[in-house]
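Q: Residues per chain are reported as follows:
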Amino acid sequence: MRRALSLIVLLVLAVGLASALRGPSVGAEARRASLIDDDEVNFGRRYNSRAVEETGASNVVASVLVTYRGLDTLGEVTVLFVAATGLAALLHTGRRRRSEREATPASLIVFTGCRFLFPLILLFGAYIFAHGHLTPGGGFQGGAIIASGFLLIYLGCRGRQPESKRLSAVESLAGLAFVLIGLIGLAVGGSFLLNFLPEGSPYALLSAGIIPVVYVFIGFKVGSELGGIVGDLSGAR
Amino acid sequence: MQQGSLPLRTRVRSTAYLFVICLLVWLGLTSSLQPQEVLVGVGISVVLPLWLGPHYSQLGLPALGLKRLLFFFIYLLVLGFEVVTANLDVAYRVLHPAMPIRPGVVVIRTHLTSDIARMVLANSITLTPGTFTLDVVGDRLLIHWINVRTEDLAEASRLIGERFERYLRVIFE
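From first to last, the protein sequence lines are chains G and V.
Each residue of the first sequence is one higher than the one before, starting from -9 at the first, in the numbering used here.
Each residue of the second sequence is one higher than the one before, starting from 38 at the first, in the numbering used here.
There's no promise every hint is true.
What the hints assert, rightly or not - Derived pair list, reagent style SDA-like, types lysine to any residue, alpha-carbon separation capped at 20 Å:
(1) V:Lys104 to V:Ile58
(2) G:Lys155 to V:Leu89
(3) G:Lys155 to G:Leu223
(4) G:Lys155 to V:Trp88
(5) G:Lys155 to G:Ser224
These are computed hints drawn from the structure, not numbers from a lab.
The following block holds chain G by itself, in its conformation from the complex (with noise of 0.2 Å):
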């Protein structure tokens, strides 16, 4: 029975495979050819020529990853959260070292220098998550150097790490915020993550909508996450 079953999923998965193989037909690529100078199919054109007064954001990788394709953002951000689970799942199975292991403190230049740059890494992160839409960057970018920022604490402020649980209630807030955004456009206007605020003045800094809030948020979110990730390697927590 299982054989036969497998047989039938093989030969489903050849004859798709070579039907994708095959190419189009002739009348096929007459028709593409047509539709290519379409707008409606031809996206990356589309974009290109309309996001700007479609969206607002003079950054259209922003727009395009916000707006167009919010769903597939929302989607990414969810990945993101798996892999950071199941990294604490698996790193938290293990027995507890971190009270057999004295850690030696790190150098007094260390240590301050940590102290001093840590709000500014942190500041810097929210430029680069605040100003998404205007420049390149956005909300993955700044939350990778709010992380930055967390590395620099797990190594040279020991015994001062941030608390684990406050982390996990900043992402999970953060990431609740997003499909609430989302959820707001389906109530207002029918479709999920619709912006559905004003798009303002091209190049200021609160425009192009949503845009800007749910970089905010994604900043929040990846900066937390990746920050736990640190944490669970360096198995400080």
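Here the structure of chain G is known, so what remains is to put chain V in place on it, guided by the hints.
A: This is chain V only, laid out in the frame that chain G set:
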């Protein structure tokens, strides 16, 4: 983290410091004076110090004064001058056929007391080619020196540390 043990004045001062530093960095990053940008910058510069200000109070930042600020800018010039001359000195040693180097590790003493002052001193020494701070333990700095001229504690402190320390004493003490 004993936040309660620090006097209130120190905590308020360091929070204000952090506010000013954050705002300056933000203005530098955005390089714009649009009201929206400035407003958001002020917002972030208020939230961050309220959260992290207590950490800053342990750095031992001094009260801000005109003399300190003036000496800070003089210090930047002095540091730049020292870096350039030390660069030329190291270049001379590298290019000289006999390569007149005498590398070794010496210990110097500092009279600076606050953490931030010692860190600035150590980093200034590191930034100057030819000398490199390996570690700071108490009031002793462990220095790797490309051309050890003396192993005497007082003499080495005078040669390596004093040129920076006399300004840092005014700025930080």
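Q: Work down the list of hints and note, for each, if the structure agrees.
A: Hint by hint, here is what the structure shows:
1. Between the alpha carbons of V:Lys104 and V:Ile58 the distance comes to roughly 19 Å, so the proposed pair stays at or under 20 Å and holds.
2. A distance of roughly 18 Å separates the Cα atoms of G:Lys155 and V:Leu89; the hinted pair therefore holds under the 20 Å criterion.
3. Distance check on the hinted pair: G:Lys155 and G:Leu223 sit about 16 Å apart at the alpha-carbon level, within 20 Å; holds.
4. Pair hint G:Lys155 plus V:Trp88 holds up; C-alpha atoms about 17 Å apart against a cutoff of 20 Å.
5. Only pairs whose Cα atoms come within 20 Å are accepted, and G:Lys155 paired with G:Ser224 is accepted, the gap being roughly 16 Å.
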